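Taken in order, these protein sequences are the chains called R and F.
Following this note's numbering, the numbering of the first sequence begins with 11 at its first residue and continues without gaps.
Following this note's numbering, the numbering of the second sequence begins with 11 at its first residue and continues without gaps.
Just so you know, these hints were derived from the structure itself, not from any lab.
Take these hints with a grain of salt, some might be off.
In the DSS-like style, the derived pairs of lysine-lysine whose C-alpha atoms are separated by at most 30 Å in a straight line are [unchecked claim]:
{"id": "1", "chain 1": "F", "residue 1": "374", "chain 2": "R", "residue 2": "72"}
{"id": "2", "chain 1": "R", "residue 1": "134", "chain 2": "F", "residue 2": "37"}
{"id": "3", "chain 1": "F", "residue 1": "134", "chain 2": "R", "residue 2": "37"}
Below, a sample of chain F positions facing chain R; criterion: calculated Cβ distance under 10 Å [to be verified]:
{"id": "4", "residue": "23"}
{"id": "5", "residue": "27"}
{"id": "6", "residue": "55"}
{"id": "7", "residue": "113"}
{"id": "8", "residue": "119"}
{"id": "9", "residue": "152"}
{"id": "10", "residue": "263"}
{"id": "11", "residue": "337"}
{"id": "12", "residue": "465"}
On the chain F side, residues computed to face chain R include the following (Cβ under 7 Å) [stated by the list, open to error]:
{"id": "13", "residue": "25"}
{"id": "14", "residue": "79"}
{"id": "15", "residue": "132"}
{"id": "16", "residue": "171"}
Only a predicted model underlies this, so the values are computations on that prediction, with no experimental measurement involved.
C-beta atoms are modelled at their ideal positions from N, C-alpha and C, and glycine is treated no differently.
Protein chains: 2
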Amino acid sequence: MAKDKKVEQITDMDVDFTQWYTDVCTKAELIDYSSIKGMFIYRPYGYAIWENIQHILDAEFKKLGHENVYLPMLIPESLLQKEKDHVEGFAPECAWVTYGGSDKLEERCCIRPTSETLFCEHYKNIIHSWRDLPKLYNQWCSVLRWEKTSRPFLRHREFLWQEGHTMHATEEEARAETQRMLNVYANFMENTLAMPVIRGRKTDKEKFNGAEETYTVECMMHDHKALQGGTSHYFGDGFARAFDITFTGKDNQLHHPFQTSWGVSTRMIGGIIMTHGDNSGLVLPPKIAPIQVMVVPVAQHKEGVQEAALKLLETLRSAGIRADIDLSDQTMGWKAAQYEMKGVPIRLELGPRDIENGVCVAAKRTGDKVTVPLENVADTVSSILDDVQSELYAKALKNLQENTFDAHSVEEVRDGCAKGGFARMMWCGDEECEVKMKEQAGVTSRCIPFEQHHIGDICPVCGKPAKHMVIWGIAY
Amino acid sequence: MAKDKKVEQITDMDVDFTQWYTDVCTKAELIDYSSIKGMFIYRPYGYAIWENIQHILDAEFKKLGHENVYLPMLIPESLLQKEKDHVEGFAPECAWVTYGGSDKLEERCCIRPTSETLFCEHYKNIIHSWRDLPKLYNQWCSVLRWEKTSRPFLRHREFLWQEGHTMHATEEEARAETQRMLNVYANFMENTLAMPVIRGRKTDKEKFNGAEETYTVECMMHDHKALQGGTSHYFGDGFARAFDITFTGKDNQLHHPFQTSWGVSTRMIGGIIMTHGDNSGLVLPPKIAPIQVMVVPVAQHKEGVQEAALKLLETLRSAGIRADIDLSDQTMGWKAAQYEMKGVPIRLELGPRDIENGVCVAAKRTGDKVTVPLENVADTVSSILDDVQSELYAKALKNLQENTFDAHSVEEVRDGCAKGGFARMMWCGDEECEVKMKEQAGVTSRCIPFEQHHIGDICPVCGKPAKHMVIWGIAY
Numbered sequence: 011m012a013k014d015k016k017v018e019q020i021t022d023m024d025v026d027f028t029q030w031y032t033d034v035c036t037k038a039e040l041i042d043y044s045s046i047k048g049m050f051i052y053r054p055y056g057y058a059i060w061e062n063i064q065h066i067l068d069a070e071f072k073k074l075g076h077e078n079v080y081l082p083m084l085i086p087e088s089l090l091q092k093e094k095d096h097v098e099g100f101a102p103e104c105a106w107v108t109y110g111g112s113d114k115l116e117e118r119c120c121i122r123p124t125s126e127t128l129f130c131e132h133y134k135n136i137i138h139s140w141r142d143l144p145k146l147y148n149q150w151c152s153v154l155r156w157e158k159t160s161r162p163f164l165r166h167r168e169f170l171w172q173e174g175h176t177m178h179a180t181e182e183e184a185r186a187e188t189q190r191m192l193n194v195y196a197n198f199m200e201n202t203l204a205m206p207v208i209r210g211r212k213t214d215k216e217k218f219n220g221a222e223e224t225y226t227v228e229c230m231m232h233d234h235k236a237l238q239g240g241t242s243h244y245f246g247d248g249f250a251r252a253f254d255i256t257f258t259g260k261d262n263q264l265h266h267p268f269q270t271s272w273g274v275s276t277r278m279i280g281g282i283i284m285t286h287g288d289n290s291g292l293v294l295p296p297k298i299a300p301i302q303v304m305v306v307p308v309a310q311h312k313e314g315v316q317e318a319a320l321k322l323l324e325t326l327r328s329a330g331i332r333a334d335i336d337l338s339d340q341t342m343g344w345k346a347a348q349y350e351m352k353g354v355p356i357r358l359e360l361g362p363r364d365i366e367n368g369v370c371v372a373a374k375r376t377g378d379k380v381t382v383p384l385e386n387v388a389d390t391v392s393s394i395l396d397d398v399q400s401e402l403y404a405k406a407l408k409n410l411q412e413n414t415f416d417a418h419s420v421e422e423v424r425d426g427c428a429k430g431g432f433a434r435m436m437w438c439g440d441e442e443c444e445v446k447m448k449e450q451a452g453v454t455s456r457c458i459p460f461e462q463h464h465i466g467d468i469c470p471v472c473g474k475p476a477k478h479m480v481i482w483g484i485a486y
Numbered sequence: 011m012a013k014d015k016k017v018e019q020i021t022d023m024d025v026d027f028t029q030w031y032t033d034v035c036t037k038a039e040l041i042d043y044s045s046i047k048g049m050f051i052y053r054p055y056g057y058a059i060w061e062n063i064q065h066i067l068d069a070e071f072k073k074l075g076h077e078n079v080y081l082p083m084l085i086p087e088s089l090l091q092k093e094k095d096h097v098e099g100f101a102p103e104c105a106w107v108t109y110g111g112s113d114k115l116e117e118r119c120c121i122r123p124t125s126e127t128l129f130c131e132h133y134k135n136i137i138h139s140w141r142d143l144p145k146l147y148n149q150w151c152s153v154l155r156w157e158k159t160s161r162p163f164l165r166h167r168e169f170l171w172q173e174g175h176t177m178h179a180t181e182e183e184a185r186a187e188t189q190r191m192l193n194v195y196a197n198f199m200e201n202t203l204a205m206p207v208i209r210g211r212k213t214d215k216e217k218f219n220g221a222e223e224t225y226t227v228e229c230m231m232h233d234h235k236a237l238q239g240g241t242s243h244y245f246g247d248g249f250a251r252a253f254d255i256t257f258t259g260k261d262n263q264l265h266h267p268f269q270t271s272w273g274v275s276t277r278m279i280g281g282i283i284m285t286h287g288d289n290s291g292l293v294l295p296p297k298i299a300p301i302q303v304m305v306v307p308v309a310q311h312k313e314g315v316q317e318a319a320l321k322l323l324e325t326l327r328s329a330g331i332r333a334d335i336d337l338s339d340q341t342m343g344w345k346a347a348q349y350e351m352k353g354v355p356i357r358l359e360l361g362p363r364d365i366e367n368g369v370c371v372a373a374k375r376t377g378d379k380v381t382v383p384l385e386n387v388a389d390t391v392s393s394i395l396d397d398v399q400s401e402l403y404a405k406a407l408k409n410l411q412e413n414t415f416d417a418h419s420v421e422e423v424r425d426g427c428a429k430g431g432f433a434r435m436m437w438c439g440d441e442e443c444e445v446k447m448k449e450q451a452g453v454t455s456r457c458i459p460f461e462q463h464h465i466g467d468i469c470p471v472c473g474k475p476a477k478h479m480v481i482w483g484i485a486y
């Protein structure tokens, strides 16, 4: 009864995917709305997912030699304007501070939409010699982009992210860093978030404002739309020239350093929801779940049940499993629905008969109930968590593979992507044809994937010789 | 030679304490200036100290049941205005956002100077029943206060902090939370930062805008001035009434919840510098030092030295000691000066003769060199780190005790505090006398300490019966 009541509150994803998504975000208590349009509240459960993401990625960054810093949130307008392409891209969506207290500022400042300009200003002060390179910096912060439309996690006016900014003595080293960090993102998304990705390069039209190259990891959601999971940019020495950053090389000559930046944001949480969620709510990959196992005692008023459940909890926790217990007076049905909604990978039930038999029952969020002996319970539960993680990845990979198709004409892309999916099609490399794909097929280029297949020799848009195979799709 | 050259760069603290402080902040590479006055760059070494602070406090908060959240950085003006005392205190130092892109905002927003109003707005949405209480939330973020003057760590326009915001069903519980969190801060500062504190209550004049009571931990710096290390506020149900937050109690009646907030900031790093630093630079308590031990090989070109040094490094790291190694081609003198400047607690030297003798030499940042056998080196080094931690606390405590004096007249306070120190003096409780102390003795009330002594029966300012013993001083 309680379960039915709870599940009814979520819109079925086949009926209205957008509403289903919003329902999961709010009903699983990940996020709340604030009084400013497009600015959201990260609630404890949503923020805990972000903390797990931070924890894992931060350790990875540090292992590779990156150091964390924190730069100001405000950018004077003249500083933002120093790199021409960059300001053109970002100025239209900046929020501007014009008053400090009751004094009008001499120069208005924007709240950082991204921090390349601030890092460049700082790098100019601290980079002088080849001995000062490389600089491998990262920053965890929020950024602000005054978007017209908004959706929880996917498009916020203010969102949390990390932005890496590095400076190198040589182009080769900077290019290698750009690739290295893209791979960090790709591996993290596949291994930890159980989200298969396509690694590739953005077309010039889709690349970051001011970048020479932008690399991306693209994921497919349940509805077969694309989500850009993370990006890594190679800047060459463009910003360094604009900001007059130089260093004395081993050759005793002045050089401009080569630059990269790379970032992922809380958008990934939207990706997790839309990759793994179902009509009962959120489904979290165990490696990122704030609660991996929820212990739910059955008939907990009976003698010995609560004690045994607490002992079980302690055993799991001692083994490093993120476990919790629900001893509330809610019904079993309510609890089952609640932890399904919250995407907890395993609900572990333990009642009087189970105790007698020396077992407990693991209800996997991905389906199935398994009877688990209390002897070595932590090992068994760990291995079930691994199974859930693998199942989720396999299911998501199947979705990606089954809904990616080769296309040989604009119409094929249009019709295929309208039904949902990614199209692989050859492209001549001209922006004109890319614009036509948007107009005629309603898709954008997601990336030029590193893994190229031979699909044909010509660009179906213009008939000229093809240069690359491109992934086309409809994106969030 | 190299060492002398380096040390010369710092102003002697007896010559100019302010300049000494700034020198340490910049030369130890903790902080850098940005192009906006009062907005600073937290450099990797300074940020790493903050990360250690975060790591320890965050675990402490969570152990006590607090959950992290993230709320928007912008506050609509009408929301800020809901609590009268609060807005009066903060509005004059708010930075205002008036444009989003090219559109003028219908209502301007300030960048959060603190988030009570935002938390109240959210709490109104999520608190309905006694089952929803307590709410124990914390947020790690930056806040912005458009101050006229600024100093690294001590007074920034933008600074990093944590702000806890809690809601409780009863006054008793909220008051207990206020005290509990003050004690978390006090214990952290004493045990981890080696900074002895005075715990007490602020006078009405000095309390937080909108609070019923503000509790504080006050520390004494090298120059005998006071630094407020952290505060914890009890709000009663004032904000809850202003924001119309209610819950249905177990009695089935509507009630307003009772509220607290509490915070510490990167200001504490300024406190660490001014409590422990010396004329060679920064001195870091081992428990918070990003690098606890720097291994410096002597004659590292000689056979076996580098290998032995790297092995030593590995041994220390395996034991959980934050150790690093300097294999650069800089001179021993430069390295010694460099790690003194950076406040590394132990410099561990290892040369060919040491290896022969099965020892290394530990140069403590607090003075003394100790020969340490390589057998069980990690245990010995850990114990030396503990010694350094204790020495620093003892020295700081001595400074506090020797420079705190009882006073029986305004003149005594004036003359004593001008020389540097804290005065204990009785007070009638009237704000008028507090104002006179500022005018006539140049001091402010730091707190009404929990540990009260009987110094006299009257308030020396007005001659009326005294209510409390107050700590007076000159504050940062």
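Evaluated hints:
Distance check on the hinted pair: residue 374 of chain F and residue 72 of chain R sit about 27 Å apart at the alpha-carbon level, within 30 Å; holds. Using a Cα cut-off of 30 Å, the hinted pair residue 134 of chain R and residue 37 of chain F holds, with the two alpha carbons roughly 17 Å apart. Between the alpha carbons of residue 134 of chain F and residue 37 of chain R the distance comes to roughly 17 Å, so the proposed pair stays at or under 30 Å and holds. Below 10 Å, beta-carbon pairs count as interface contacts, and residue 23 of chain F has none with chain R, the closest being about 26 Å; its hint is therefore violated.
About 25 Å separates the beta-carbon of residue 27 of chain F from the nearest beta-carbon of chain R, more than 10 Å, and the hint is not met. Hint status for residue 55 of chain F: holds, given a least beta-carbon distance of 9 Å to chain R, under 10 Å. Proximity of residue 113 of chain F to chain R holds as hinted, the smallest CB-CB distance being about 8 Å (cut-off 10 Å). Against a cut-off of 10 Å between C-beta atoms, the interface hint on residue 119 of chain F holds, since the closest Cβ of chain R lies about 7 Å away.
Annotation: interface hint on residue 152 of chain F holds; nearest CB of chain R at approximately 6 Å, less than 10 Å. Taking 10 Å as the C-beta contact cut-off toward chain R, the hint placing residue 263 of chain F at the interface is violated, the least distance being around 21 Å. For residue 337 of chain F, the suggested interface contact is broken, since its CB lies about 14 Å from the closest CB of chain R, more than 10 Å. Given hint, residue 465 of chain F at the interface with chain R, is violated; its Cβ is 41 Å from that chain's nearest Cβ, farther than 10 Å.
With 7 Å as the threshold, the beta carbon of residue 25 of chain F stays out of range of chain R, its nearest partner Cβ sitting at about 27 Å, so the hint is violated. Because the smallest distance between the Cβ of residue 79 of chain F and any Cβ of chain R comes to about 5 Å, under 7 Å, the interface hint for this residue holds. A distance limit of 7 Å between C-beta atoms decides the matter here; for residue 132 of chain F the minimum to chain R is near 6 Å, and the interface restraint holds. Hint status for residue 171 of chain F relative to chain R: violated, with the closest Cβ pair at about 12 Å, above 7 Å.
Hints 4, 5, 10, 11, 12, 13, 16, counting from the list given before, are not met by this structure.
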